[in-house]
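Take a look at the letters that make up each chain.
2 protein chains.
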Amino acid sequence: MTTIQDKKAQFQLKTPKGTRDYDEKEMTIRNSLFATITNIFQRHGAVTIDTPVFEMRDILSGKYGEDSKLIYDLANQGGEDCSLRYDLTVPFARYLAMQGKKDAQQMKRYQIAKVYRRDQPVMTKGRLREFYQCDFDIAGQYDPMIPDAEVLKILCETLDAVDIKFKIKLNHRQILDGIFQVSGVPSNKIRSISSAVDKLDKLSWQDVKKEMTVEKGLDESVADRIGTYVEGLKGKDTASLLQYLQNDVEFMKNASASQGVADVRLLLEFLDVFNVKDRVHLDLSLARGLDYYTGIIYEAVQTESEGVGSIAAGGRYDDLVGMFSGTNKNGKSKTIPCVGVSVGVERVFSILMARQNMEKIKSTATQVYIISVGDGLLKERMALVNELWEAGIKASFMLKNKPKLEKQWLACEKEQIPFAVILGKDELENAKVRIKDMRVNVL
Amino acid sequence: MTTIQDKKAQFQLKTPKGTRDYDEKEMTIRNSLFATITNIFQRHGAVTIDTPVFEMRDILSGKYGEDSKLIYDLANQGGEDCSLRYDLTVPFARYLAMQGKKDAQQMKRYQIAKVYRRDQPVMTKGRLREFYQCDFDIAGQYDPMIPDAEVLKILCETLDAVDIKFKIKLNHRQILDGIFQVSGVPSNKIRSISSAVDKLDKLSWQDVKKEMTVEKGLDESVADRIGTYVEGLKGKDTASLLQYLQNDVEFMKNASASQGVADVRLLLEFLDVFNVKDRVHLDLSLARGLDYYTGIIYEAVQTESEGVGSIAAGGRYDDLVGMFSGTNKNGKSKTIPCVGVSVGVERVFSILMARQNMEKIKSTATQVYIISVGDGLLKERMALVNELWEAGIKASFMLKNKPKLEKQWLACEKEQIPFAVILGKDELENAKVRIKDMRVNVL
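Just so you know, the sequences run in chain order D and W. Heads up: the first sequence is residues 99 to 541, going by this note's numbering. Heads up: the second sequence is residues 99 to 541, going by this note's numbering.
Think of the hints as simulated: they come from the structure by calculation, not from any bench. Check the hints yourself; a few may be wrong.
Since the list can't tell identical chains apart, any single copy or any two copies may satisfy a pair.
Simulated crosslink set (BS3-like; lysine-lysine; CA at most 30 Å straight-line) [stated by the list, open to error]:
1. K498 / K123
2. K375 / K477
3. K123 / K212
4. K212 / K502
5. K212 / K460
6. K502 / K430
7. K115 / K167
8. K351 / K498
9. K458 / K523
10. K432 / K498
11. K161 / K212
12. K477 / K265
13. K167 / K334
14. K167 / K112
15. K512 / K432
16. K498 / K375
17. K212 / K112
18. K498 / K427
19. K223 / K458
20. K334 / K314
21. K265 / K115
22. K427 / K112
23. K300 / K115
24. K223 / K212
Just so it is clear, the structure is predicted and the values come from calculations on it, not from any experiment.
Build out the structure end to end from the sequences listed, making use of the hints.
Given below as structure tokens:
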């Protein structure tokens, strides 16, 4: 023990805070989860792209609202300020802007990759500082709500495929903006008041109101008016909520509000065709912290157990690409409208792992294990395994000169290898092998 | 243009130096390359693990010799000094040390992941600052040269599978140490003189000798003696080289040297059984810069064209895990002997891309495209595509209310989708669709 202590004085044998390793069994589950999700994304015609793990720092700044403080910076060792990516959405928008006139004007793309946030880690809940996101986005000028409906369909297919019970909370930035405008929020305070509303899933209305008034200097009467919408209408189903808003004459006079309501109505028509309308629930208290959303926003929450919170989220962001691509000669923005969803796969992974019988997970793909009886027969085993490899068969043998018979059987069983090929003196003399079907033991 | 200039004043629309995006066609080739390599790695019984993209800085320090200056550091924003991983070998050794008494004492593992080096990028040659490595390693106490032979067999299978012409240069750290000891290199200079020898593939013997003597203060007579081995024996084939060394009585008296020669002889016997002996060429000038190798070392170089250099490399590193795991109660190192190979897949990728007809790469997996004739039929197309999705069929449609017929055909052809399903008024009335086999056009 002392020596380990001595060593510890020199370095800590650990992964950095909020990061972790994944062993072979966890990887087996994770890769099967990714394969399931990839299959769904490809079913909807998506291609995949790859972007660097870090971006120029200026690309990320001003995109994440109050959460920008969670961005990891690289040390400046060579003249460029870079940061690890915070999500896959901003890099995708940067990618689209850089592609210029290429085919990327219209694109369905998925990306399954790691992102980085200096958040307070809660390892047991799957909240890490390095974690995977599975993103699907549709970029391009299409007709209203068609891509939005497809993205929500994909989200439902994905969570169904991994057998997660969920519901989707839906809102629209223009409905929210309408609420804020009708309630009398000054336009320079809209984003920060929106951030406060976003906390309603964790804080009480009283606490959120306090943040609006005491911290953010909003008039109490304005806050109360916001409250009639975001708190007072809670529990209403989507149809009654839409009806209520449409009956609110003052609200519907607001251009932003009425556009938002029309969008949601059209979206629900399409979701009905896609058989997922009942999965989606209009929730006026859903705000989403990120700055870049411009249209519908949504969040999938698990309904089986408390506390896991949001497992996927997304929305429409029509102006983000334009923030990078600028304007054309006539001063018109060269933006590309986009809508997408990001599945927080670590939380899904935690749920799946909890369901597993770890013993039964087979981590290798090995089909055949070669076992020698008697005197080692190293080169004979090597020649045989080589023959199998060259025939494309996944085969293993014990990397010892004279392995014990018992240890070879154990290795074969432990790895759940379906076939054992037994080689002994008799077999060699007759140029034969014995094959044992191990699957009866495995099942 | 002025507006773009204005924007450029605020940020640069680019990826960081030495990094790049991969578009959908490049990803199609890259994913198929990874699938090929993964299949080979799994054929040899490997599992996969995942480790974080960054490590505690102390874990990486002192492992990479003169190249340590190329490590990317993260800014210290939260109390820990972290760096991006430089390779996958050191994190794997750290992982093994942390697993302690678990099954990881013996492990075949592969990992395909990005590593980071602040090197001078040469994009045209595929030398980037962020790049993929495909690693296969065998950890555990086995009998001599059996795992080493399997790793070299895997390297040959991998490069054969991607149709790269190559040869493998082989050396042994103990042979090199023997050469240095016999030549009279002081023991504290062995690693730095070894680094100089490693440059013989880029520099002339005169330049390397100058580095040894002028820069590193080695006696000229010692340098000359090294030269008789690493330069004087160039061009000899493996068998004559081994014979030459075995006839060198003084050399063979050195314990390190004779062990190295014995290892290489045994390795060649095993490689012969694995049908890859002729791929491997003993080369006394191969040194490999990294500090952690202890046994055989090797490098695969492409033989088709000049200048691409090493496309894969590896070796045995028996002490690296012990640097993390320390010693047991009796002061005995708790190390795990390892041997492995790392395929520098970016270079292979560059070669593969150069062979492609970009037009013919199909990036989506879409099987069916739905085309409406006449009046848009949006909801009818949506209902049909939904039916296909729910049957697991990869299907797409144009996300427009009333898409033009010609544009729909173009989209179908451009994505090389094999089947078009045509929906019109007549078809709807008869509850039928027309199916067109598009593959004749594609081929």
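Subject >> Numbers of unmet hints, in rising order >> reply: 4, 9, 13 and 21
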